[in-house]
Amino acid sequence: MADKSVAIVGAAQIDTFKTTDRSPVGLAALAAKRAVEEAGLQMSDIDAVFSSSSYYAMPTLTMAEYLGLSPNVVDSTSTGGCSFVQHLGHAVAMINQGLCEVALIVYGSTQRTDAGKLVSMAEQSVYEQQYGLIHPVGAFGMIAHRHMKEFGTTSEQLAQYAVSAREWALLNPEAPYPTPLTVDEVLSSGIVASPLHKLDCCLVTDGAGAIVVTSGARARSLKQKPVWVLGTGEAQNHRNISQMPDFTSTRASVSAKRAFEQAGVGIADIDTAHVYDAFTISLLILMEDLGFCAKGEGGSFVENGRLAPGGELSLNPNGGGLSFSHPGMLSMFLMIEAVAQLRGTAGARQHDGAKLSLVHGMGMTLASHATAILGNEEPS
Amino acid sequence: MTRPQIAPRGEEKLYFSALADGNLTYGFCLACSTSHFYPRTLCPNCHSDDIESRVGSGRGTIYSFTTQYRAGNPALEDQVPYTIVMVDLEEGYRMMADLVGSEPEAISIGLPVVAEIEHPDNEHPVVHFRMEVSHGR
Numbered sequence: 023m024a025d026k027s028v029a030i031v032g033a034a035q036i037d038t039f040k041t042t043d044r045s046p047v048g049l050a051a052l053a054a055k056r057a058v059e060e061a062g063l064q065m066s067d068i069d070a071v072f073s074s075s076s077y078y079a080m081p082t083l084t085m086a087e088y089l090g091l092s093p094n095v096v097d098s099t100s101t102g103g104c105s106f107v108q109h110l111g112h113a114v115a116m117i118n119q120g121l122c123e124v125a126l127i128v129y130g131s132t133q134r135t136d137a138g139k140l141v142s143m144a145e146q147s148v149y150e151q152q153y154g155l156i157h158p159v160g161a162f163g164m165i166a167h168r169h170m171k172e173f174g175t176t177s178e179q180l181a182q183y184a185v186s187a188r189e190w191a192l193l194n195p196e197a198p199y200p201t202p203l204t205v206d207e208v209l210s211s212g213i214v215a216s217p218l219h220k221l222d223c224c225l226v227t228d229g230a231g232a233i234v235v236t237s238g239a240r241a242r243s244l245k246q247k248p249v250w251v252l253g254t255g256e257a258q259n260h261r262n263i264s265q266m267p268d269f270t271s272t273r274a275s276v277s278a279k280r281a282f283e284q285a286g287v288g289i290a291d292i293d294t295a296h297v298y299d300a301f302t303i304s305l306l307i308l309m310e311d312l313g314f315c316a317k318g319e320g321g322s323f324v325e326n327g328r329l330a331p332g333g334e335l336s337l338n339p340n341g342g343g344l345s346f347s348h349p350g351m352l353s354m355f356l357m358i359e360a361v362a363q364l365r366g367t368a369g370a371r372q373h374d375g376a377k378l379s380l381v382h383g384m385g386m387t388l389a390s391h392a393t394a395i396l397g398n399e400e401p402s
Numbered sequence: 009m010t011r012p013q014i015a016p017r018g019e020e021k022l023y024f025s026a027l028a029d030g031n032l033t034y035g036f037c038l039a040c041s042t043s044h045f046y047p048r049t050l051c052p053n054c055h056s057d058d059i060e061s062r063v064g065s066g067r068g069t070i071y072s073f074t075t076q077y078r079a080g081n082p083a084l085e086d087q088v089p090y091t092i093v094m095v096d097l098e099e100g101y102r103m104m105a106d107l108v109g110s111e112p113e114a115i116s117i118g119l120p121v122v123a124e125i126e127h128p129d130n131e132h133p134v135v136h137f138r139m140e141v142s143h144g145r
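First to last, the protein sequences are chains A and B. To convert a position in the first sequence, counted from 1, into this note's numbering, add 22. To convert a position in the second sequence, counted from 1, into this note's numbering, add 8.
So here's chain A without its partners, still in its complex pose (with noise of 0.2 Å):
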């Protein structure tokens, strides 16, 4: 049987809470360069380029152009925040057509130095734009209140994650803020959409990060270890929140179901979790629909510490989005943490002997759907 494996060679983020003199285009261009060169390959060996952006309505046009390139192949799938796992199930098909062999996945964002709030191109609905709904914010309180009212989830609950993410963040020498969080502070940092308070919400950051993905042959005599694509899929059901049929489910039950039957592994084998965590509520209803926990139970899932360094699954340890970095679309910095998890370079958050990882991104307001099974050890 012809040899299907894809890895990830190369990974890289770069200012990640707050850049100086740097576009977005300009800021994803040097850490595109660090991770080609981290995989020991130079930039004319890129010849396909992935990108999605708030920035650039055409950006791989315009990523390519600032860094010299003429790709092959581009793909600016843009379905929100989850676009760049879905970018690496794309390389992977790609690469297996024959239609590149070196893909560089990269995205770059200055939202913090912008304005301090999320940055989008997104249009909105004109059934829907006269009401002055905050996206993405408004809709997830609505999500929110959905499962409160369906599985008595509380505000302390959500509140629970926000704390355990910082406590993995205090791990992160990267991570901007060095204290610890109680669920008290979480509470009283002011409503911004009920009930979702302000630290219910990720941090509004700079940040750039890419990823190099190629062929198994290739990337067995690069310079770093393999990580491998073991399985992808994606899903998606709706663009404005007033038609998703269901708030509190999503279709990540199907994109991780696609990705776990690829794998040929279960939920049993992870090691490490990358979770979308935009929200306190958006991360929860994504490990129901993971299958980490039942549906309707994630409020207790989340507490007592489960989900704490030293707890019972090694989730978001960089410190995620809400304590660690969230430049608009997080999925990228999601894949580079599983990245350092799998090669065992994340320091103190290192969880030892990690073999399996799962990322998952969401898009808009849990419209978009894409999960990654990445592992060490090459698949047979």
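Worth double-checking, as some hints may not be accurate.
[To be verified] So, partial list: chain B residues that the calculated Cβ filter (under 7 Å) puts toward chain A:
#1 T75
#2 I92
#3 V134
No wet-lab data here; the hints were simulated from the structure. On a predicted model such as this, the values are computed, not experimentally measured, just so you know. The beta-carbon is built from N, C-alpha and C at its ideal position, and this holds for glycine as well.
Given the coordinates of chain A, assemble chain B onto it according to the supplied hints.
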């Protein structure tokens, strides 16, 4: 300016002109007998284009809501805090609008609401919901 300005096109314009006449319309598919909102040129359930624009009662219940303590648009800064509701209408569709006339503490999922149409001068009409049992404001 009292509301974020919008630029409807095509079937979107038809919806807002019906609102201007005092009618809240939704899409009804004559092929599969399901309702949808926002109004579309084809049915999202069976993909028939045999769609009728129907006038709804405006009556429904709150599926979920959020009260925002920051404005989502500069035009609404003097309205803060304001509440946005997702409403399940009795004709079988769901729509989003704001809820007027109630204090945040009085709002909860499942309560009955009714739509009203406001039509400010030189602006597009806008739908609001109000609780059927008024809690005053």
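Evaluated hints:
Interface restraint check: B:T75 against chain A, minimum CB-CB distance 4 Å, threshold 7 Å, status holds. Given hint, B:I92 at the interface with chain A, holds; its Cβ is 5 Å from that chain's nearest Cβ, closer than 7 Å. With a cut of 7 Å, the hint placing B:V134 at the interface with chain A holds, because the nearest CB-to-CB distance is about 5 Å.
When held up to the earlier numbered hints, the structure conflicts with none and fits them all.
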